[in-house]
Amino acid sequence: MRHYRVAEQEKEKRCCCSNKEIQQKLYPMFLLLVGIIAIIYEITIFMLGYYIGKHSNDYIE
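In our numbering, the protein residues as written are 1 to 61.
There could be a bad hint or two in this list.
[Stated by the list, open to error] Below, computed lysine to any residue pairings styled on SDA-like, alpha-carbon distance capped at 20 Å:
(1) K20 - L32
(2) K25 - G35
(3) K20 - F30
(4) K54 - T44
(5) K25 - I36
(6) K54 - E42
(7) K20 - L31
[Said to hold, decoys possible] The calculated label-pair distances, taken between Cβ atoms and stated as ranges, are:
(8) K20 - G53: 46 to 54 Å
(9) E21 - H55: 26 to 34 Å
(10) V34 - S56: 28 to 36 Å
(11) I52 - F30: 43 to 51 Å
(12) I52 - Q24: 40 to 48 Å
(13) K54 - N19: 45 to 53 Å
(14) Y50 - E21: 42 to 50 Å
(15) M47 - K25: 33 to 41 Å
(16) N19 - M47: 34 to 42 Å
No lab work stands behind these hints: they were computed from the structure.
Because the structure is a prediction, the values reported are computed rather than measured.
Don't be surprised by glycine CBs; every beta carbon is placed ideally from N, CA and C.
Can you build the whole structure from these sequences, using the hints too?
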């Protein structure tokens, strides 16, 4: 029985280690994805603002 418990604890340790490794690999990818989305968002808002501003000037004149 004791040997079985030790084996289970080792399994849990291995799982934790593999999860940490996966998190360490995914975290930079996640940051990169968030960065790309933020850049696209900024460009979209800038283009919309520029487009609306350009056309509103036409109406004023």
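Could you check the structure against the hints above and give me the numbers of any it violates, in ascending order? Going through the list in order, the structure violates hints 9 and 11 and respects the others.
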